[in-house]
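In order, the protein sequences belong to chains A and B.
For the first sequence, numbering that gives the first Met the number 0 assigns the number 0 to the initial residue and increments by one for each residue that follows.
For the second sequence, numbering that gives the first Met the number 0 assigns the number 0 to the initial residue and increments by one for each residue that follows.
Quick caveat, the hints were computed from the structure, so don't treat them as lab data.
Where a beta carbon is used, it is the ideal one built from N, C-alpha and C, also for glycine.
Incorrect hints may have been included.
To be verified - List time: in silico DSS-like cross-link candidates among lysine-lysine, alpha-carbon distance up to 27 Å:
(1) B:K323 to B:K14
(2) B:K14 to A:K249
(3) B:K249 to A:K115
(4) A:K59 to A:K323
(5) A:K14 to A:K318
(6) B:K115 to A:K115
(7) B:K59 to B:K14
(8) A:K249 to A:K59
(9) A:K204 to A:K14
As the list claims (entries may be wrong) - Covered stretches of chain A (in silico footprint by chain B; criterion: 3 or more residues with CB under 8 Å from a CB of chain B, positions within the stretch not fixed):
(10) 27-38
(11) 131-138
(12) 141-150
(13) 153-164
(14) 260-273
Number of protein chains: 2
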Amino acid sequence: MNGVVIALEGSRAAKASVEPLLRLTRADMERVNRLILSKAGSEVELIPEVARHLIDSGGKRLRPMLTLAAAQMCGYEGEHHVLLATAVEFMHTATLLHDDVVDESDLRRGKPAARKVWGNQASVLVGDFLLGQAFRMMVDTGSLQALGVLSTAATVIAEGEVLQLASARNPDTTEDEYLAIIRAKTAALFAAAAEVGPIVAGAAKPTVGAFRSYGANLGLAFQLVDDALDYGGSSQSLGKNVGDDFREGKVTLPVVLAYRRGTDEDRKFWRDALSGRNNGDDGLAHAKKLLARHGAIADTAQRARHYAVIARDALAPLKGGPHKDALIEVLEFCVSRAN
Amino acid sequence: MNGVVIALEGSRAAKASVEPLLRLTRADMERVNRLILSKAGSEVELIPEVARHLIDSGGKRLRPMLTLAAAQMCGYEGEHHVLLATAVEFMHTATLLHDDVVDESDLRRGKPAARKVWGNQASVLVGDFLLGQAFRMMVDTGSLQALGVLSTAATVIAEGEVLQLASARNPDTTEDEYLAIIRAKTAALFAAAAEVGPIVAGAAKPTVGAFRSYGANLGLAFQLVDDALDYGGSSQSLGKNVGDDFREGKVTLPVVLAYRRGTDEDRKFWRDALSGRNNGDDGLAHAKKLLARHGAIADTAQRARHYAVIARDALAPLKGGPHKDALIEVLEFCVSRAN
Numbered sequence: 000m001n002g003v004v005i006a007l008e009g010s011r012a013a014k015a016s017v018e019p020l021l022r023l024t025r026a027d028m029e030r031v032n033r034l035i036l037s038k039a040g041s042e043v044e045l046i047p048e049v050a051r052h053l054i055d056s057g058g059k060r061l062r063p064m065l066t067l068a069a070a071q072m073c074g075y076e077g078e079h080h081v082l083l084a085t086a087v088e089f090m091h092t093a094t095l096l097h098d099d100v101v102d103e104s105d106l107r108r109g110k111p112a113a114r115k116v117w118g119n120q121a122s123v124l125v126g127d128f129l130l131g132q133a134f135r136m137m138v139d140t141g142s143l144q145a146l147g148v149l150s151t152a153a154t155v156i157a158e159g160e161v162l163q164l165a166s167a168r169n170p171d172t173t174e175d176e177y178l179a180i181i182r183a184k185t186a187a188l189f190a191a192a193a194e195v196g197p198i199v200a201g202a203a204k205p206t207v208g209a210f211r212s213y214g215a216n217l218g219l220a221f222q223l224v225d226d227a228l229d230y231g232g233s234s235q236s237l238g239k240n241v242g243d244d245f246r247e248g249k250v251t252l253p254v255v256l257a258y259r260r261g262t263d264e265d266r267k268f269w270r271d272a273l274s275g276r277n278n279g280d281d282g283l284a285h286a287k288k289l290l291a292r293h294g295a296i297a298d299t300a301q302r303a304r305h306y307a308v309i310a311r312d313a314l315a316p317l318k319g320g321p322h323k324d325a326l327i328e329v330l331e332f333c334v335s336r337a338n
Numbered sequence: 000m001n002g003v004v005i006a007l008e009g010s011r012a013a014k015a016s017v018e019p020l021l022r023l024t025r026a027d028m029e030r031v032n033r034l035i036l037s038k039a040g041s042e043v044e045l046i047p048e049v050a051r052h053l054i055d056s057g058g059k060r061l062r063p064m065l066t067l068a069a070a071q072m073c074g075y076e077g078e079h080h081v082l083l084a085t086a087v088e089f090m091h092t093a094t095l096l097h098d099d100v101v102d103e104s105d106l107r108r109g110k111p112a113a114r115k116v117w118g119n120q121a122s123v124l125v126g127d128f129l130l131g132q133a134f135r136m137m138v139d140t141g142s143l144q145a146l147g148v149l150s151t152a153a154t155v156i157a158e159g160e161v162l163q164l165a166s167a168r169n170p171d172t173t174e175d176e177y178l179a180i181i182r183a184k185t186a187a188l189f190a191a192a193a194e195v196g197p198i199v200a201g202a203a204k205p206t207v208g209a210f211r212s213y214g215a216n217l218g219l220a221f222q223l224v225d226d227a228l229d230y231g232g233s234s235q236s237l238g239k240n241v242g243d244d245f246r247e248g249k250v251t252l253p254v255v256l257a258y259r260r261g262t263d264e265d266r267k268f269w270r271d272a273l274s275g276r277n278n279g280d281d282g283l284a285h286a287k288k289l290l291a292r293h294g295a296i297a298d299t300a301q302r303a304r305h306y307a308v309i310a311r312d313a314l315a316p317l318k319g320g321p322h323k324d325a326l327i328e329v330l331e332f333c334v335s336r337a338n
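Let the sequences and hints guide you as you build the complete structure.
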C-alpha cells in the first residue's frame, strides 16, 4: 500500500508543480482572463476599479483551471467551459470580497484589502455584482445542471462562512466541526469547479462523480495546507501575513490539535489568545512553540495528504493521459507546500 | 386627457389599497410564505435566526405578489410561479441585509437592523445564503428565460447600489443621475418580478414586455414616494425613522430639487448637512422648511404620478378583469401615500 502513496510524500512530490496544468489550460485561460476583464466592466466606474484591484493581484486561478482541464479531459470542444470557468472565478472573487468584510482583514494577496481602500460598502456591493455576473454567464451556457451545481455551491459556501463565524474564537471546536466548515466554505467550490467541466462536456454520471470527488478532496487538502502555512512560511509567499488566523482568533486545525493535546496551562494560553489577549508577536511566537511541541503542523499536513490520496483515487478509474497526470501533480504540489 | 389620469389623483385614489391584490394572491402567497420559511432554514442555526428576524418583520411582500398576480393573469396553472415569487422575495431580503451594512442603518422595518443584533458579518453572509437559495429555486423551475431576467436584475441592482454610493453626499447629483440610481436599485427588481410571471406562463412577447414596463414604472413611483415620505410621515408607519435619508446624507429627489431651486445660502446648508454637519433634529426641521418652500415634496410626488401613469398605460392593451384592476389600484395606492 505504501508504494501507491509514495508520490504524495517522496522526492517526486517535492518537485511537483502546477506547471503542467498551466500549460494544458494556457490557451483557454487566456480566454478566461479576457472574459474576466470584460465581465468585470461596468459603466459604474467604481466596479471595475475594485474588481480589478483583486483580479490583478495575481491569485493562482486554480479553480477555473480545474473546470477547463476537466472539460478538456472529457473531450469537450465547445465554448461553454470558458464561461463556467469565469463564473467560478467570479464566485471565488465575490467570496473573497465578502470575507474581507467579515474578517475585517487588512491584507489580501499581499495588497491592502479592497475594504481598506474603498470601504466595506464597495466590497459588499462589488461582490454582489460579480455574483450576479457569474449567474448570467451560467445562464448563457444554457446548462441547468451546471446552474444547479453552482447555485448549490453558493448556498453551501455561505453556510460554511456562517458556521465559521459561529465557532469563531471557540477552542472547543472539534476536528469534525472544523472539517464541516472547510468542506462548506472551501471544498464546495473546488468540487463544483471540477464537476461542471464534465457536465458541460456531457460526460457520463460516474465521470462527473469522479471529478466532483477529486475537487472536493483537493479543496480540503488545499485548505488544510493553507491553515498550516498560516503558522509558517513568509508573508510574501503567502500574500497574506503569517499569523493572520492567530490574530483574528480563527480556530483552524493546528489550533484544534494543539489545544486538545496541550496541558491546562496551554489551553489557558489558547483561550486567552483566541479572545484577543496575548495575541501579538510574543503570543504568536509562543503559539508556534506549542504547535511544534504537539506536532500540530506536521499532523495537519498529514491530514492534507489523507485527502489528497482520496482525490487521486477518485480519478483512478479514468483514462490516463496528460490531463490526469497534471491533476494528480496538483495534489502533490498542494501537499508539498506544507513541508 | 385629464379625465384619463384622474383616478391617479382624485378621491378614488385616496381610497385605493393593495387589498384587491392581496385577495387575489392570498392562496398562492400562503404557499410562498411556507416556502420562505422552509428555504430560509439551515442546520446552521444563525441563518434561520437572522433570516426570520427580517422575514417576520412584516414587509408588504409586494414584489412576490406581482409575480403571482402576473402569472395568474396570464392563465398560468402550474407551481413554478410560487418558486419564482419566493426567489424574488429572497433577492429583496438579501439586498436589504446588504444595504443595512452599506448604509450603517440602525433600524429596518421598525426593528433593530440585523447588523445591530448579529453584526455586519451575519448580515453579509445570510444575504449571500438567501441569494444562493433564490438561484436554486429559479433553477428548480427549469426556466432559463426567468433565470436570465433575474440574474440580470441581480447585477443591475448591485450596480445601482454602487452608483448610489459613488454619488453619496453629493448635492450636485442631477435628477437624471438620481433616476439612473433608482431605476437600477429599485425598479429593476420590480420589473423582473412582474416579468417572470408571464414568462413562466408562456405568454407572448408583447405581454411579457407590458408587465416588465408596468413593474419598472411602478418601482420608480414606489421609490419616489418612499423618498418623499422620508421627509414626512411618522417613524411607525414607515417602519424606519423619518429623516433617515437626511441623517445618512442620501441625495434623493426632494434634496436634488430643493438644492437646485434654492439660494446660495440654502445650498450651503445642504452641502453642510449632507457632509454630516448640522444634520441633527434642528437641521432636519430646517431641511423640511426648505423642501416645503420649494415644493420639493409635492413635485417628487408629481414625478411619481408621472411614472404611475406610464405603468398603467403599459397594461392598457391587456384584457381587463380583476387582476388588471388590482394592479392598477396598486399604482393608485402607491401615489396616494405621498399625499
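**OP:** For the pair supplied as a hint, K59 (chain A) and K323 (chain A), confirm whether the alpha-carbon distance does not exceed 27 Å.
**Re:** holds, 19 Å
Original post:
Counting residues of the region 141-150 of chain A that have a beta-carbon nearer than 8 Å to any beta-carbon of chain B, does the count reach 3?
Top reply: holds (count 5)
Original post:
If you draw a straight line from the CA of K204 (chain A) to the CA of K14 (chain A), is it 27 Å or shorter?
Top reply: Not OK: K204 (chain A) and K14 (chain A) at ~34 Å, beyond 27 Å, violated.
Original post:
Does K59 (chain B) pair with K14 (chain B) here, judged by a C-alpha cut-off of 27 Å?
Top reply: holds, 18 Å
Original post:
Does K115 (chain A) lie within 27 Å of K115 (chain B) when you go C-alpha to C-alpha?
Top reply: holds, 22 Å
**OP:** Take the C-alpha atoms of K249 (chain B) and K115 (chain A), compute the straight-line distance between them, and say whether it is at most 27 Å.
**Re:** holds, 22 Å
**OP:** With a cut-off of 27 Å on the C-alpha distance, tell me whether K323 (chain B) and K14 (chain B) pass.
**Re:** Answer holds: K323 (chain B) to K14 (chain B) is near 17 Å, not above 27 Å.
Original post:
CA of K14 (chain B) to CA of K249 (chain A), is that 27 Å or under?
Top reply: violated, 57 Å
**OP:** Take the C-alpha atoms of K249 (chain A) and K59 (chain A), compute the straight-line distance between them, and say whether it is at most 27 Å.
**Re:** holds, 24 Å
Subject >> Coverage of the region 27-38 of chain A by chain B (three or more Cβ within 8 Å) >> reply: violated (count 0)
Original post:
Between K14 (chain A) and K318 (chain A), does the CA-CA distance stay at or below 27 Å?
Top reply: holds, 24 Å
Subject >> Within 8 Å of chain B's CB atoms, at least three CB atoms from the region 260-273 of chain A: coverage verdict >> reply: Coverage by chain B is violated for the region 260-273 of chain A (0 residues, Cβ < 8 Å).
In summary, the structure is inconsistent with hints 2, 9, 10 and 14 from the numbered list given earlier, while agreeing with the others.
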